[in-house]
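Keeping their order, the protein sequence lines are chains D and S. Sequence positions in the first sequence follow numbering that gives the first Met the number 0 and run 0 to 363. Sequence positions in the second sequence follow numbering that gives the first Met the number 0 and run 0 to 397.
It is possible that some hints are incorrect.
[Claimed, not checked] Cross-link-like lysine to aspartate or glutamate pairs, in silico, EDC-like; alpha carbons within 20 Å at most:
hint, chain 1, residue 1, chain 2, residue 2
1, S, K118, S, E47
2, S, K264, D, D356
3, D, K100, D, E55
4, D, K313, S, E283
5, S, K259, S, D3
6, S, K181, S, D138
7, D, K313, S, E324
8, S, K393, D, E237
9, S, K392, D, E237
Bear in mind the hints are in silico, worked out from the structure with no lab data behind them. Everything numeric in this text was worked out from a predicted model, so none of it was measured.
The primary structure of each chain is shown beneath.
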Amino acid sequence: MNSEERDLLFASVNKYLTHSYNYYDFRLDGSASSESVMKMYKETCDLGWSAFLFSEEVGGFGGAAIDIAELFEKFGNHRVVTPYLESQITAGTILSGIGEKGSAVLGELIVGNITLCVLGSSDRYSDSGPIALNLDTLDDFAFDCGAVPWAPIADKMLVVASNKGEDMLLLVDRQSPCISVERRVGVDGSLVGNVTINNLRRDNCEILAEGSAVSDIVKIACLKTSIALCAEAVGAMESLLRQTVEYTKTRKQFGQPISNFQVLQHMMANMFVAHTTSHEMLKGIASEISTDADHLAYEREIMLLKHKINKESKYVRHSAMQCHGGIATTDELMLGHYLKRLVVIDNYFGGPHVDMDRINREAD
Amino acid sequence: MKIDLSTCDLNTFRAEIESFVSSNLSSSLQQASRLATSIFCDFRAMMEWQKLLHSNGMAAPSWPSEFGGCGWDPERILIFREVCASFDAPQLTSMGIQMLGPIIMNYGTSAQKSELLPKILSGEDFWCQGYSEPSAGSDLGALSTKAERQGDFYVVNGSKIWTSLAQHSNKIFCLVRTGKEKSPKNSISFLLIDLDTPGVEVRPIVSLDGTVEQCEVFFTDAKVPVQNIVGEENDGWKVALSLLEHERGGASYYVGLRRKLELIKEYSESSLVSNIVSERCENELLDIEADVLSLTYLERGIAKSSEGGSRIGALSSLTKLIGTELGQKLDEISLSLRGRDALVVMEHEVDPYYVGESSACDKGAAAFNSYINNRASTIYGGTAQIQRNIIAKKILML
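With the rest of the complex left out, here is chain D:
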């Protein structure tokens, strides 16, 4: 993809997100349906956003880490509610990694005909590994997967499993009797499902891959998910900083704009430091990674990036709220919704402590 095509794509992204998207119309709260989100999902896949996240070998026209980072930064800027992360990035990467067997489903995914989610990788709101099961036993078996983003609207589930000790990737239909999903709404306006797997057997799933390759494929998917998440956080941090600077220039107290006060200026200078260092780290790491396999060599850097983002996003969101004062605590101002999403990003892989512990354990 040349730079002209790239500019064209981002022009479409900016136009869509500025004119056709608004968080309040898309978020799911209480009884609101996921119709707008899914309509946008299909429309934007038609515009090529999804294909931009995949490499040419698997039918896309982008797929480098920097492509993913830049699109998700935009999602972060506009507080976009969408299953792209879970479906295109996490599930999409796994399907891309297993070759022939995943290609049919992947094709449907890239064009936006279906959405997927992954069970049993560490992309969940907890940190357990593959789901231990036995596809051949007749004993009753139930596994609680916890809160899985977008599970209620997923058409298919990828299950990262350990079948009698052997790693496996399974594809299960959402409608299969062995999957039950309790529909919930996430704090970030997304849809979440409490998923339980019951009595999964060979006859109600398809084995996409097995053996030693599985764990690397899943790891790559998690690392890519991590980059996309970090990019979204960086985008959200940028919006928070911009809104805070604008607001403090308008808001008057003691007869002058509150941006005249040095204490607030230094808070905003620190927000700038937080955003800029995060952004440069993201961009620097992402631009050195071109293929999916490259991610493995950058495992430590990506994990350090996630840690850095956890820390800086907390500073930015809390300072943004503090500089705004009371108005920041309302549902009416977007600020709080960025804050909520940033907390979701913090806890996405189990929380900042889990992220840190994982660096010590896995990426030494």
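Here the structure of chain D is known, so what remains is to put chain S in place on it, guided by the hints.
Frame of chain D; chain S shown alone:
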């Protein structure tokens, strides 16, 4: 055939520099660098390394070759610094090569260029910086050292303070007031003064760590030839600000921080540190590792960008702020890892030219001195608060 270091590929370049440094850097110079507890390494060791670099044409990687520099691109300059740091080579002081050199190239007369630049490189001239005054610190524009024109001379009266390494210097570049206006923009000049001029007196200041790095410099009717002015009379503020950007941004903080982090990690994993302490420090060190990595990408990005003007100046505030605060955090951890060993006063055994065993106490003492000394890093070169003011005003437009 000899390899052309300015054009060869970067891997070859790195290998060449590695082989140069490893075969030229003596163990006493390495020792001096490891025991350095501030940005200034032992003076003799530093000058010895500068002469060695100079005799191989490498004293000034960032200078254009017409002035005796290497003329390397930003990527090569960073690699050069990375390699030097990884071998613990002494860091050269910034006053001559980093700060004054570019000023002379940009604002100096051709006589000044041909007279001064070669002596900066060779070390024959050692420069110190006369900016701060007792009543002009953060508010540098309030400086009051006066230079009055009398015939072919300026007569200088006043005093400078926090003049690093003035006790080793033969020359000082000063900001002096030549105009009557209050605003610094049209009343300050940039003046070069020989320290052996009658009426100039250098008095050392003993720091908390017991060493002398800073001095006061007093001027009483010191006569300075008018041709020692750099730029126009009363137009020195512009020169001064561009120099500050070199002071803040010309550095690459990540290079030193990475090495410092590496050495601290190594120590924290050694048997000298109890498991409880090293476990606690592990996460703090990880946190800093993430920050250092982000600073690495930030500084590499700035070095490669072609951006100029006030934004790059403001970005130099950003890296100065981050770099110095991270260095302080590392010092705190290092201090805590050394425990009671850090609490003794440093003895002569840590002299880089000392032959014999240095004790754990002395290494501990180095951690303490580094901690004490680097408290100054968020004060000198514009305090952390001044840097935040600059970011707020120049970047966020507040």
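Hint check:
no. : hint              : verdict
1   : K118(S) x E47(S)  : holds (15 Å)
2   : K264(S) x D356(D) : holds (17 Å)
3   : K100(D) x E55(D)  : holds (17 Å)
4   : K313(D) x E283(S) : holds (17 Å)
5   : K259(S) x D3(S)   : violated (31 Å)
6   : K181(S) x D138(S) : holds (13 Å)
7   : K313(D) x E324(S) : holds (19 Å)
8   : K393(S) x E237(D) : holds (17 Å)
9   : K392(S) x E237(D) : holds (18 Å)
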